[in-house]
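Visitor: What follows is each chain in one-letter form.
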Amino acid sequence: MISLRRVSTTFPGSRGRPPVTAVDDVSLDVARGRIQGIIGFSGAGKSTLLRNINLLERPSAGTVEVGDVRLTDLEAEELRRARHQIGMIFQGFHLVNNLTVAQNVELALKFAGVRDRRVRRRRASEVLEVVDLAAKSTEYPARLSGGQKQRVAIARALAPDPQVLLCDEPTSALDPFTTASVLQYLADANREFGITVVLVTHEMEVIKALSDDVAVMEDGRVVERFAASDLTSGSFEPTTSIGRYLVGDGIRVERGAASDVDVETLLRRTDEPSADGTLAEVRG
Amino acid sequence: MERILELRGELLVAMLQTLAMVGVAIPLAVLIGTPIGIWLFNHAPGGIAPLPKRHAVVSALVNTVRSFPFLILLIAIIPFTRLLVGTTVGTAAAIVPLTVNAIPYFARLVEQNLTQLGTGAVEASRAMGATRGQIIRNVLLVDAKPAIIGSITITTVSFISYSAMVGLVGGGGIGDFAIRYGYYRYETPVMLVAIVLMLLLVTLVQWGGTRVSRLTDKRI
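So the sequences go chain by chain: X and B.
Sequential numbering of the first sequence, starting at 1, is according to the numbering used here.
Sequential numbering of the second sequence, starting at 1001, is according to the numbering used here.
Treat the hints with caution; some may be incorrect.
To be verified - Not the full set, but computed from the structure, chain X residues with beta-carbon under 8 Å of chain B: (1) Leu-95; (2) Ala-108; (3) Leu-144; (4) Phe-177; (5) Phe-226.
The set of hints was computed from the structure by calculation and includes no laboratory data.
Bear in mind the structure is a predicted one, so any value in this text is a computation, not a measurement.
By construction, the Cβ of each residue, glycine as well, lies at the ideal position given by its N, Cα and C atoms.
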């Protein structure tokens, strides 16, 4: 469904600083109907890679295909049309504040070229039903909680019936319970509509809960990939700290000691014995 | 008091002149200044569709008009005023420099209103495959509406005050009335009455503007 071939994205350096390569020679395939997780620390390039898929950020090199269309070959107008097939949600929700919930969803349909207002209305109430927000359709976003806003954003992304849904840190601004509910709606959308999902996050729990396949990014490169099923079957031998965290079971914090503990130590598998027994465990 | 009653006809005319000047200049400034403001926002370096060189030219033009002291602008564009309204004195003639000054003033305010919106909803719209026109009409102007109404209020109040200076070209108006009677003829009570009238006008405009702006703002 999605195919990235040797994609690189370099940003020109500002004020005499050297250029920054945010995505460095990444190839990635996502099969139809799968949920691909992309995880990495801040600045690893995962959001840029996600934005490369719908060309919100045009890669400096490489090709991007979604469905049967090579997006990197398209003219601006063709690309605009192709984007109607690719929904996207964001950490900050990005709703239009002065439009109601229903109007926000209808706007996506307007952009997708649905001219008939009645059709837009009907479809909007349909997708708001899917995210259980039909009762809020005449409210303005300011009156909603974070989780509700994200659900509106999901409805808005689903409205034009896309083949792909890109999720850029969709739960990073939400508390754990709200996160769980938003992830459930994403899982439902994936199952009911067969939508291919690409999910970028730095939250390990989110990756574990939702992904079929996982790619770990560091310094603009995909440094590790595995299937979620590998995590449970025990066949996965992690090589990165994130990988080790995912097969382990929580954050560990060293207490009462100097603070120069590196990330590697903090994310060490919990089955490894700690050096001096001073490690306390915080289960996520 | 008698003096004021004596002058009430003139006072009324002056008030109407002010209303006419501001009532024509501001709508024109909004009509012409808004697209210029949108253009400046759109084509700024780092904007939706950057055109850095052309943006620099238009921006410099806007700054040029804005940096003219109003009195000098008033005189400087007299030939243009004559060309447009056929005369260089009177209320109609005063509307021209007021409008010319208000357009870039308002354009900058609109540009500022749009810049302060943040890029989130615009980015989401791009991802949804919106055209640039759709983004401007359905997202930017919708979210900026309360701020733009605020800018119209600010511009109106500023130009009620500016309109006092057009007495120089016989534009009349309540501000000019205050200057003529109060300043030139030392009739302080008459001046005070005129100033109170201006104060009432400004208060009314500000109150109305704030109210409409708040009614259209759904962020709270």
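Visitor: Now look at each hint and say whether the structure bears it out.
Guide: Each hint tested on the structure:
1. Leu-95: holds (7 Å)
2. Ala-108: Given a least distance of 5 Å, the restraint on Ala-108(X) holds.
3. Leu-144: Leu-144(X) check fails; min Cβ-Cβ to chain B is 12 Å, beyond 8 Å.
4. Phe-177: violated (24 Å)
5. Phe-226: violated (29 Å)
When held up to the earlier numbered hints, the structure conflicts with 3, 4 and 5 and fits the remainder.
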